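For this one, chain A is given, so just place chains B and C on it according to the hints.
Protein chains in written order, with our numbering: chain A, 1 to 302; chain B, 1001 to 1316; chain C, 2001 to 2127.
To be clear, the hints were calculated from the coordinates, so they are not data collected in a lab.
Computed from a prediction, not measured in an experiment: that's the story for all the values here.
A few of these clues could be false.
A few chain C positions that, by computed beta-carbon distances, are all more than 12 Å from chain A [as the list claims (entries may be wrong)]:
1. 2095
2. 2100
3. 2107
Derived Cβ-Cβ restraints for the label pairs, each shown as a range [what the hints assert, rightly or not]:
4. C:2120 <-> A:246: 33 to 41 Å
5. C:2005 <-> A:180: 24 to 32 Å
6. A:266 <-> C:2120: 13 to 21 Å
7. A:22 <-> C:2120: 45 to 53 Å
8. C:2089 <-> A:172: 42 to 50 Å
9. A:69 <-> B:1192: 34 to 42 Å
Using N, Cα and C, we set each Cβ at its ideal position, and we do this for glycine too.
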Amino acid sequence: MAVALETDGLGRRYLTNWGLRNCSLQVPEGSIAGLVGPNGAGKSTLIRMAAGISTPSEGTVSVFGERVDPNSATFLARVGYLDQLRPFYKHLSVEETLEWGARLNTSWDKASATKWLVDLEIPLDWKISLLSIGQQAQVALAVCMGKSSDLLLLDEPMASLDPLARQGVIQMLLDSVAEKGTTVLLSSHIVSELEPICDYMIILSKSRVQVSAPTDYLLANHHLLVGPHESHTFDSVNVISSKIAGRQATLLVQGDPGGLGPEWQVISPDLQDIVLAYLAKPNAEPFVPSSETSELNEGELS
Amino acid sequence: MTQITWRRYRIRIIALSLYVVALIVFMILTHHAFQDAATVCGRLHIDVNLGRHCNAAASAESHGSLVETAIALLPLFIGFFLGTPMVASELERKTNRLAWSQGITRTKWLVRTWLTLAIPTVVVMSLFALIVQWWATHIVTSISSGGGLIQPAQMLISGVAPIAFALLLLTLGMFIGTTVRRFFSPYATSVVAFVAVLAVMQFVLPSLAAKVVVPTHPFGVTHLPNGLRSRPWFIKSVYRFVPGIHVGNHLRTVGAVLQFCKGNPMCYQAHGLQIVSLYQPASHYWVLQWREAGIYIAATGVLLSLSIWSIRRWSA
Amino acid sequence: MIEFRLDRHTGVPAYRQIIDQVRHAIHLGILRPGDQLPTVREVVRQITINPNTVHRAYRELELQGLTEGRTGSGTFIRHSLSEVSGQQPKLLGQLELWMKRARDAGLEIEAVEALIAEALQSMKEEE
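Chain A with its partners taken away, still in its complex shape (with noise of 0.2 Å):
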């Protein structure tokens, strides 16, 4: 499995803070990894250091095979970067924003980033500081789509945008995944939007990776198992979370529960289901299957 972003017990640290500590993952080629946790949890700090705008304070990070360079001229033609900031020369038009692009980069698809625009009925000739806070996300949005990069690394690319601006930007990155086999990294605090395109999940908790994983391989390897709360005495599984109401329990469980009386309903949980689960035990043993294992266990799916 080609390795398109790779970190090794990677950390970062603001004087006394870790913003991430201990953090090592491996983003398939191809693939469009989803990043959730909640805010402060490392997620822009993850994204900044893959991009090269942050260094790291330990441990390594590298991008298709080679450690990150941010003054490497072939890393930063492969790589496209969205900041969760969106910082603009503001004083600059749309147009004049993208032709800038057009200048600094080697390949610039101007034309389809201009008809991205076009198309939302952005005014191309207004100033940046005049738009909207959505307008200004999809202007950022189409400054990175412009550049036509291996990876993207995108920072809460849907905040700001309307439910069917959102739409389309999922729209957008599925095909350029299709068209290109671009590998998209992105962080988003809408689980439900990420689950039907991401077939990788990254969960990130109190600056440390929680989960790590396939998403079909994290769906199949969790249970949602509902029963008597007095009755469950479980070895081979890892309880995530646990919830009682009156005398029923919902517990979320890692591991496939065998062995169960049929007072026990199994439920596949969603992925809404996992991510609560995780993100409320910051503390439970994290799910970071080897690649190896991942891949092996496909076949057991159905």
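Frame of chain A, contents of chains B and C only:
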């Protein structure tokens, strides 16, 4: 980056250019006033003190100082309004995160930005230097600076050194913008740094060329050269033993003699002491100018390299 | 041409649903040998799905021998699923007859569905 930099700074560049134009207009308009003042006073005053007796000369002198200060401030404005914001404002607004994730390397980004401002700086300052040269050699020297071009106040604003000085402050401001951000304001730091450079250079400048040493009154021989063009830059007077004289066993150092003689000139002479004047002659004007400019240009190169090094290591 | 639909609440993985829908279409004769499956890009435009998922489903279909990929052209149906496809109208008639008998016996639609589901389940377990 060239276009963006130009767009962001064009108003400031135009404002500074207007400042320069205003000064030039003033200098041209007052050109005759200064000359008339000189004639009215009967002779070309070289001594500022004597000039005060003549009203026309006195008012011309104060106008002259005003203009000279305005000219001297120009490099500081360039450093403060163009140099410091170059990188500092990008870091403040985080637009560097956008710029440094496009296809251009940080080195190219910085050099292009710097060139976009450095070239107009050099061009404007060079044209201005020619005007100042004309103004200084024809008029001002007669009154406000008390003599020829080789005076500190004149050295500051005429010749080639100010061009290089402006370039240096531009680059110094940029460098400060790349490094100073967490605890201090880059703008405040720049002002301090610019003034420090000025102070240091005033100190260093007299030593850039070999000083001429001549014995002077009361018991020396030579008089300082005089005349409009040839008045030197008087640096200081010192006591020393007359060269070749045999120093007595009893009072071996200058300090000892001074203490012993307590201000009595005859006593000094008796003990072999003389007063000498150190000065830079007028002929050293261009030597000093080029060496000063050379120092500024070398420093500019160093600061540019340091700035590149600094942003290559920069991390959010 | 087939149009895919995804039901995200069934717990069945998306790639599995695609495979099932192709097989279903072949059964019903909607897709015949020689027909082309939509390209990955077209599927991605129809439904919000990860392209890799589509690739995976198509690969699986090829492994099952139901489709073949022709480089440069796309993915095509190879042959129909059952050689006895002629049996289908007869089988369909028999099924409808049975359903009528179940309704006459007083069974609600849901009970009929449950019976069919149970029979299918035991059939799958046997296979």
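- Message: According to the definition I'm using, a residue is off the interface if its beta carbon is farther than 12 Å from all beta carbons of the partner; does residue 2107 of chain C meet that for chain A?
- Response: With a cut-off of 12 Å, residue 2107 of chain C remains clear of chain A, as the shortest Cβ separation is near 26 Å.
- For the pair residue 2005 of chain C and residue 180 of chain A, does the Cβ-Cβ distance stay inside 24 to 32 Å? holds, 27 Å
- Task: Using the Cβ atoms, figure out if residue 22 of chain A sits within 45 to 53 Å of residue 2120 of chain C.
- Result: For residue 2120 of chain C against residue 22 of chain A, whose Cβ atoms are near 48 Å apart, the range 45 to 53 Å holds.
- Message: Given the hint of 42 to 50 Å, is the C-beta distance from residue 2089 of chain C to residue 172 of chain A inside that range or not?
- Response: holds, 46 Å
- Honestly, do residue 69 of chain A and residue 1192 of chain B meet the 34 to 42 Å range at C-beta? holds, 35 Å
- State, for the Cβ atoms of residue 266 of chain A and residue 2120 of chain C, whether the hinted interval 13 to 21 Å holds or is violated. holds, 20 Å
- Message: According to the definition I'm using, a residue is off the interface if its beta carbon is farther than 12 Å from all beta carbons of the partner; does residue 2100 of chain C meet that for chain A?
- Response: Given a closest Cβ separation of 34 Å, the condition holds.
- Message: Looking only at beta-carbon atoms, does the pair residue 2120 of chain C, residue 246 of chain A fall within the given range of 33 to 41 Å?
- Response: Since the Cβ atoms of residue 2120 of chain C and residue 246 of chain A sit about 35 Å apart, the hinted range of 33 to 41 Å holds.
- Message: Is the claim that residue 2095 of chain C lies outside the interface with chain A correct, judged by CB distances over 12 Å?
- Response: Holds, because the least Cβ-Cβ distance between residue 2095 of chain C and chain A comes to about 26 Å, which exceeds 12 Å.
The earlier numbered hints are all upheld by this structure, with none contradicted.
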